[in-house]
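Chains as they are written, first to last, in our numbering: chain A, 358 to 636; chain B, -13 to 289; chain C, 22 to 440.
Don't take every hint at face value.
[What the hints assert, rightly or not] Below, a list of computed lysine-lysine pairs in the DSS-like style, where the Cα atoms sit at most 27 Å apart:
{"id": "1", "chain 1": "B", "residue 1": "Lys131", "chain 2": "C", "residue 2": "Lys416"}
{"id": "2", "chain 1": "B", "residue 1": "Lys131", "chain 2": "C", "residue 2": "Lys386"}
{"id": "3", "chain 1": "C", "residue 1": "Lys440", "chain 2": "C", "residue 2": "Lys239"}
{"id": "4", "chain 1": "C", "residue 1": "Lys338", "chain 2": "C", "residue 2": "Lys239"}
{"id": "5", "chain 1": "C", "residue 1": "Lys225", "chain 2": "C", "residue 2": "Lys440"}
{"id": "6", "chain 1": "A", "residue 1": "Lys398", "chain 2": "C", "residue 2": "Lys193"}
{"id": "7", "chain 1": "A", "residue 1": "Lys423", "chain 2": "C", "residue 2": "Lys193"}
{"id": "8", "chain 1": "A", "residue 1": "Lys398", "chain 2": "A", "residue 2": "Lys423"}
{"id": "9", "chain 1": "C", "residue 1": "Lys386", "chain 2": "C", "residue 2": "Lys416"}
{"id": "10", "chain 1": "C", "residue 1": "Lys386", "chain 2": "C", "residue 2": "Lys225"}
{"id": "11", "chain 1": "B", "residue 1": "Lys131", "chain 2": "C", "residue 2": "Lys256"}
{"id": "12", "chain 1": "B", "residue 1": "Lys131", "chain 2": "B", "residue 2": "Lys111"}
{"id": "13", "chain 1": "C", "residue 1": "Lys239", "chain 2": "C", "residue 2": "Lys256"}
{"id": "14", "chain 1": "C", "residue 1": "Lys193", "chain 2": "C", "residue 2": "Lys416"}
{"id": "15", "chain 1": "C", "residue 1": "Lys168", "chain 2": "C", "residue 2": "Lys386"}
{"id": "16", "chain 1": "C", "residue 1": "Lys256", "chain 2": "C", "residue 2": "Lys193"}
{"id": "17", "chain 1": "C", "residue 1": "Lys256", "chain 2": "C", "residue 2": "Lys79"}
{"id": "18", "chain 1": "A", "residue 1": "Lys398", "chain 2": "C", "residue 2": "Lys332"}
{"id": "19", "chain 1": "B", "residue 1": "Lys111", "chain 2": "C", "residue 2": "Lys386"}
{"id": "20", "chain 1": "C", "residue 1": "Lys79", "chain 2": "C", "residue 2": "Lys332"}
{"id": "21", "chain 1": "C", "residue 1": "Lys225", "chain 2": "C", "residue 2": "Lys239"}
{"id": "22", "chain 1": "A", "residue 1": "Lys398", "chain 2": "B", "residue 2": "Lys194"}
{"id": "23", "chain 1": "C", "residue 1": "Lys338", "chain 2": "C", "residue 2": "Lys79"}
{"id": "24", "chain 1": "A", "residue 1": "Lys398", "chain 2": "B", "residue 2": "Lys111"}
{"id": "25", "chain 1": "C", "residue 1": "Lys416", "chain 2": "B", "residue 2": "Lys111"}
{"id": "26", "chain 1": "C", "residue 1": "Lys168", "chain 2": "C", "residue 2": "Lys256"}
[Said to hold, decoys possible] To be clear about the criterion: a stretch of chain C counts as covered by chain B if any three or more of its residues have a C-beta under 8 Å from a C-beta of chain B, and this derived list gives those stretches:
{"id": "27", "segment": "55 to 63"}
{"id": "28", "segment": "264 to 270"}
{"id": "29", "segment": "317 to 323"}
{"id": "30", "segment": "347 to 359"}
{"id": "31", "segment": "376 to 386"}
Just so you know, these hints were derived from the structure itself, not from any lab.
All residues carry an ideal CB built from backbone N, CA and C; glycine is no exception.
Single-letter residue listing:
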Amino acid sequence: MNRARQSPLNTLAAHAALITWTAVALFPVTVIVVNSLKTRKAIFREPLALPSPESFSLIGYRTVMKQGDFLQYFQNSMIVTVASLALILLFGAMAAFALSEYRFRGNTLMGLYLALGIMIPIRIGTVAILELMVQTGLVNTLAALILVYTAQGLPLAVFILSEFMRQVSDDLKNAGRIDGLSEYTIFFKLVLPLVRPAMATVAVFNMIPIWNDLWFPLILAPGEATKTLTLGSQVFIGQFVTDWNAVLSALSLAILPVLALYVIFSRQLIRGITSGAVK
Amino acid sequence: MAFRPRLHVVVFLAPAVLVYTAVMIWPLFNTLRLSLYTAGEGGRAFAGLANFATLFGDPRWSAAFWNALGNNLWFFVVHMAVQNPIGIALAAILSQPRLRFAALYRSAIFIPTILSFVIVGFAWKLILSPIWGIAPGMLDAVGLKALFAPWLGREEYALTTLALISVWQFVGIPMMLIYAALLSIPEEILEAGEVDGITGRAAFFRIKLPLILPAIGIISILTFVGNFNAFDLIYAAQGALAGPNFATDILGTFLYRTFFGFQLQLGDPHMGAAIASAMFAIILAGVCLYLFAIQSRMRRYQF
Amino acid sequence: MTRSGRIGLMLATTWLGTALAAGAQEVTLSIESWRNDDLTIWQDQIIPAFEAGHPGIKVAFTPSAPAEYNAVLNSKLDAGSAGDLVTCRPFDASLALYQGGKLADLSDLASMANFSDVAKSAWQTDDGAATFCVPMASVIHGFIYNKDAFAELGLEVPATEAEFFAVLDAIKAEGSYVPLAMGTNDQWEAATMGYNNIGPNYWKGEDGRLALIRGEQKLTDEPWVAPFRQLARWKDYLGDGFEAQTYPDSQNLFTLGRAAIYPAGSWEISGFNSLVDFEMGAFPPPVAAAGDECHISDHTDIAIGLNAASKHPEEAKQFLEWVGSAEFAALYANALPGFFSLNSAPVAMADPLAEEFVSWRDTCKSTIRSTYQILSRGTPNLENETWNASVSVIKGAETPEAAAARLQAGLASWYAPQK
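Chain A with its partners taken away, still in its complex shape (with noise of 0.2 Å):
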């Protein structure tokens, strides 16, 4: 390709557009995190201004930590997400391959089975999730909500990775039989790691409403020892709550693992998604 048409002046308009979006998006959340580090007073008088010696203070997050173990909470968070995403990708996967490989009678009506779950909010089963998890004594352990958001997160991976697998090669896949290699074989070893891109988006995709998630955690394991990362921190945005110190730190505690999390892996996802591409 030819790589000399970018002009000096369209790179530069490049970098301006990135630098303004990338301002409005980074903004927000140094404006929580810079503000959870300074007092009461100047919160509110300077809200934009970086913490001095004089209005710098960490009693918002001595507060929250005297109400919570925040390491247990971010324990259960990782706990609930990993696995559950473990289970999406490993079950979406295996349904995806079967509706878009083989042929046979209900093929798209299973399909289409497996999509309705896109189109009603999990939420308004919770009474009755709620039973099946007593019913099983699953109540306040890990495993319930792990269940519920592996349920939850099927239909959109079976969906976006039934779409990638069609595109994969047949010829590679008849080599393989040709080979004789069993079809469990062509699914874990050729097909798999061609679709790691589709699987890194169903990673990005359910690992956030699984992180963030309120309410199940707070409906099916709200005892302390299972209580998750967001749970933990909403518990000083209720509706009586004016310390403003102590919210912003929750808030800032509940941000940075996340974030953390991301910096190290976005590199892994980026390799992932476009890995399939640059080959």
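Go by the hints and put chains B and C onto chain A.
Chains B and C alone, transformed into the frame defined by chain A:
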């Protein structure tokens, strides 16, 4: 290829179908079934379509429903008109070869997407607050103080403001998907275009855009489904009554308020289920439209 | 004693201790509540006080956010995973739980004798035959003001409507304070701290409230429209951009010393105490003319009941008996100034602002919020409609008469005595 299900097909499908049926479909089905009943004397009584008759026939219920549906449509229109074009533009800029700091921009722009609604709602309320003065202060600094209004509190602006906040949060998703689609366009096609003298902006509109149409289609349908299931941002920012004067009430908040109740209003699972069924029908219609009308036409462009 | 002997003794006592504990069968009761702000007070003061007197019973306080409480509690009760003790909202929300068999009948609890019929009315069946929650506290409405600001501007506490608006005009003219700290973004303040705060003086408290329930008065009658007329005048004294001002915004506006008067509920007291660095005072809602009889909203707000499906009903009842005792009343009222005990036993309070609020009980007649009993049972919901109407009246989007007519039409559409 087999024409009858073989064992491995069952093995591939079983885990997903089992978990999905037990934890999602069965509870949802159980709930939707409630829409055909009412709470009568000593338990629940079969009522046929009476709840739907109330929802669409009673002037109060139907006014609330159409208001929520109209707001929801506007919410979707704002996303389609703002979020997706911005996402495509950002992806197009980012996919320029040899752009410096591309990875940095990409990561930064995606950050709002990973934040919870609680954080987003709180942060924006705080920035737009007329009292805190971040937004008014900034407008003042550039001499545009007169432009400031308490947007979230005004009926005419509140919904659009919230829709734009949602756009801010989710623009990273179309950006990422389009970015991946753009990178997957084979070099040969672009080079062939260059030979014909199609470069730069023309290359984007005449060669790349048609090729990423399927990706744009998927994004549109995801936006549609996401918007018509939306709830959390409105709830976090404006509460279950979706003020001011229901100007930000969308189907999700209407459903929540009806199903679970609010303040002194007791929850009505039967009417709630009726609303949920209506939502389900609307989304189903939209998805079918996409699958049958749009996607089948777009397939022709696929390579 | 030899070393081995000492170890032997230690082992023996350990064994004995374990055996005793096992014999007593320690029970843990958990409390469902929306008061997540009170978490530390329960953990540090109330629960230790109970556990000290009741070995073998442990108590865990597990609150959820107020906005989600009803939905969360109902889901848990339906599925059978709710805590043993349930904090009760007043009137219909709890009544529905009792009628649905989720809350146990507590009529024969000994400590119920410590509460007047009025105190219990919010947690009884309509005929008063069964009581299902032990009353904990009521909250009183009024106005909290910045004493320093009043002194600085040379203002007197207003007693009548005319004086009230004169004070507001003076604050506004001087310009350094926002006269009234209230916004309409969250809606409920306009109805709760607005309409139901000032209203009882116009509809004569209980007289008007009961007349409305009996269908003898209508919401379009003058006593019910007049408070809206007052609210319509508030607009000019609220801060810039009050339309988007949230409840925490208002609290902060006042506690940072930027506003002079805060239309309040007494529950604010403990929170405000820890935030302000000026002196606060309080005055009851102003009356129309000097010497008029005054009425205050002294709203039965919070109680606690027994989950009918609790596995430890006996222990839970012990806890409830304790909640009904004078010991709990004194502990709770002082730990949370602004939540006033409903117990018949007099409670001494240390907080001057709380004392000020509760002193109005001596000079004014008490009533509860007009929309809470019976009238919010149907659709449209009168309480929610009142939020909406109060906001639109304050904003000037609807006239007081039109708002009242809309509320009346909504109520009449389902409530037989008003048809």
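> Against which earlier hints does the structure fall short, listed by number upward?
Replying inline: 2, 4, 7, 9, 17, 18, 19, 22, 27, 29, 30, 31
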